[in-house]
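Please model the complete structure; the sequences and the hints are all you need to start from.
Note that the protein sequences, when read in sequence, are chains A and B. Quick note: UniProt numbering has the first sequence finishing at residue 487, numbered continuously throughout. Quick note: UniProt numbering has the second sequence finishing at residue 487, numbered continuously throughout.
Warning: the hint list may mix true and false statements.
Which copy is meant is left open, because identical chains are indistinguishable; a pair holds if it fits in one copy or across any two.
Stated by the list, open to error - The calculated DMTMM-like cross-link candidates involving lysine to aspartate or glutamate, where the alpha carbons are at most 20 Å apart (straight line), are: (1) Lys38 / Asp143; (2) Lys369 / Glu401; (3) Lys38 / Asp298; (4) Lys57 / Glu401; (5) Lys38 / Glu335.
Honestly, the hints are just simulated from the structure, not real lab data.
2 protein chains.
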Amino acid sequence: MPDPSQRDLMLQQEASQQIGGRVELSEAEQHLNTILHKLKEHDMTAPQFPPAMHFFKARNLIQRSPVFRLIQKMPKGAALHIHSSSLVSEDWLVKNVTYRPNCYICFTWDQSVRFLFSNHTPFPRWGCSFWKLLETLRANLRDPTDFDNSLMQNLTLFTEDPEKAYPTQESVWERFEQIFLAVSGLITHAPVFKDFVYRGLEQLYNDNVMYLELRTGLSRTYELDGTIHDQEWSLRAYKTVAQQFMEKHPDFLGTRIIITVHRVLSVSQVKAAIMEAIRMQKVYPEIVAGFDLVGREDSGRSLWYFREALSLPSELGISLPFFFHAGETDSEGTEVDENILDALLFNTSRIGHGYALTHHPLAKEVSRKRGVAVEVCPISNQVLKLVSDLRNHPAAVLMAEGHPVVISSDDPGMFGSSGLSYDFYEAFVGIGGLSAHLGTLKELAMNSIRYSSLSPSVKDRAIAIWQRKWDNFILENSPQRFATDKI
Amino acid sequence: MPDPSQRDLMLQQEASQQIGGRVELSEAEQHLNTILHKLKEHDMTAPQFPPAMHFFKARNLIQRSPVFRLIQKMPKGAALHIHSSSLVSEDWLVKNVTYRPNCYICFTWDQSVRFLFSNHTPFPRWGCSFWKLLETLRANLRDPTDFDNSLMQNLTLFTEDPEKAYPTQESVWERFEQIFLAVSGLITHAPVFKDFVYRGLEQLYNDNVMYLELRTGLSRTYELDGTIHDQEWSLRAYKTVAQQFMEKHPDFLGTRIIITVHRVLSVSQVKAAIMEAIRMQKVYPEIVAGFDLVGREDSGRSLWYFREALSLPSELGISLPFFFHAGETDSEGTEVDENILDALLFNTSRIGHGYALTHHPLAKEVSRKRGVAVEVCPISNQVLKLVSDLRNHPAAVLMAEGHPVVISSDDPGMFGSSGLSYDFYEAFVGIGGLSAHLGTLKELAMNSIRYSSLSPSVKDRAIAIWQRKWDNFILENSPQRFATDKI
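Written as structure tokens, this is what we have:
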């Protein structure tokens, strides 16, 4: 018979390799872990297992899970992969923003909407009905609630029958890009923009997230009279709003910006964007974290296509950190699939998604050796139809191997997944399986600070603040006798 | 800019790591490969991508694919993971076997059927209607075709709306085990049994498979008068039928048996089965390959549960090769999930399925170092609901890393996937993606011989026969000018 102690040793050895496997837990943590394990077993053996279901159908179940409620209370560190247009949930956009004065709406021919704030009826827009003032429109409606619900449907992918609404990757991406256009008229109105950012930070803070690295194209904002502000205005607005927020919430560390451009652009346009990003990073080093390309990889241009543009900083002897989306694809062996290797060749600081990374042993080794963390966004990958059952998410391999991983929510507003807790739940219960434990959650949270773009000294401060929050979290949720022991 | 030649080197390095990456292709092979690549690109960019669909819906599409038709013609080597009850397709069972004289049927309360051959009306069976002679029953039917179709539905999982018919893993496994019971009355009738085995070999041979390693519980067979033959009778029947088949098809290498028992048995029952397997291996070393446990892992007993039984051979100083099913689960971190490590600790010769292997870096390393091949059965894993889109199959990781892998079809009769070609298609187009090429197919075919239980000398002969078939395959399918060059 195989030696049982040798077998135990191998099981332990394997367990110690995984994320959180080398985290030492205090007695109180171990007790909470035991509870957590039981709760998780309960979720895993229930007739409906949320991570095996589409998130839109699983959200209600997740909300009722005690594991989720614990994760909500847990200090999760930083959100490192969120896109600005999708920072805030659609109900706030509809119930708050569209109720503001001077908000016009038009209905596009392809069943979407556009918004514009203006002190006069805007000039008609091609492909859209005539502009109507929302205030007037609502006054004539018998049921504004119904109308508001339909507006919300226009500002989120969330729907009750996702399989029917989005049968293919193409259809869901089309709708996805459509919603960005619908949202943009609302959030690029300068006064709304500041409230929007504030509200975004608030939603994250309420979910026990302490810092945000935001990907944004720094859209130009506009005033009621049509005045347009430049990108720098937006950058300064982020800074100002974050400072205001931090004054009220001193345990929040603010936000830094990853400037993005869409991968449909030409090489020369990307060159120009990079030069501008370099300039802004020089003027606002405390807020500009780096640069990225966005948009669907499968149908977009590859990193290697943009190689001349992406080489500019190093040719100029300037460091502009990259945070590339790469490998958000299941098309193995295509050009798109090479983005992961190229992201690494261009010295990316992190990999956005890296869904395809496990198909590339060499790239995986390089990213591990260099400590290039993968930003795993479980719900996003599921909603955008890369994977249906999250137990099959390739991050399960990365987590089992202790690869540097952080968890984020990509487009929480669009997916109905406000904050990070839903994605942490999917990663913890679905991707991590029963092997993932309190140490896993702890390491994932700490990773988010460790692999952030914060300076070493701010990181130290962040870890100290996070540790205090963590200790409180344990104190408040570990069984009573430990709580009283410490009081 | 990253050095483009350095980049090419890295891409090549990664490509060379994958299965088939170090296979050198002749000029004719390279030409066929170019064609194959284009055909595959065509399949991958079609509006409906078969590996992303349920096999039951994709089968028609696959049949029309030129990639599939090439794979059908390709000499695929050996089928190393097929279960005997599911060796032959349901249409042969209905159209041939149930039309034989003395075939009785009864209809169970839970909507299945049972069969029995008998020279008198059999004694009623609990849970079933009275036995009816099929001949009489059919004579009274207006539409026997309709009836036969419904019989076929009872003998296969194949159905047009699989998602509706099998909403959960539980429901599909229940139906799966039900069908085994339905089939058994037909195929354990002694005269049918021999024809059944012959037909099974024929179906494989027609799909260009040259050798079979069959997992079977060696059920007792029966005669019309109720006489029961023992397990040895079945074993000898396999041997005799294989010999008969080989006389007519000298390029076929026969079949060897992996004796199986169900994992619902007790430790002492498994002990007895192992002792019997040891005895039969001693008497019939040329046909008994080894031992395995079968049945759903998630709800069954673990290998470690049976440790006392599984240690018997080594304690007796006898070598009984194991070919364990292990890791046919997506429940990470459970006891079931430990089967992979235990299979290796008990020195398994191969791993059946190993779906969970990539979640276990240590076990993966051990299996690789020891050359323990993983028997990947793509369609089975999809039908039994471990994965929906085969691009997400974990074997993509194994293939990318050059892990020892063989492809098999598990239960072709049950899945409507006669032979190996359908599974090769899914592995080549879906799991392997665009990275997999002719060298991949070549290595997978050669692996099936290399990792078989055949003796070294027979392996050499097998490889020689296979190579001749392969050369012919290339000659016949490479562009014309190469064909004529060689003639």
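Hints, verified against the model:
{"no.": "1", "hint": "Lys38 / Asp143", "verdict": "neither (46 Å within a copy, 56 Å between copies)"}
{"no.": "2", "hint": "Lys369 / Glu401", "verdict": "both (13 Å within a copy, 18 Å between copies)"}
{"no.": "3", "hint": "Lys38 / Asp298", "verdict": "between (41 Å within a copy, 19 Å between copies)"}
{"no.": "4", "hint": "Lys57 / Glu401", "verdict": "neither (30 Å within a copy, 36 Å between copies)"}
{"no.": "5", "hint": "Lys38 / Glu335", "verdict": "between (45 Å within a copy, 15 Å between copies)"}
In the structure shown, a violation is registered for the earlier hints numbered 1, 4, in ascending order.
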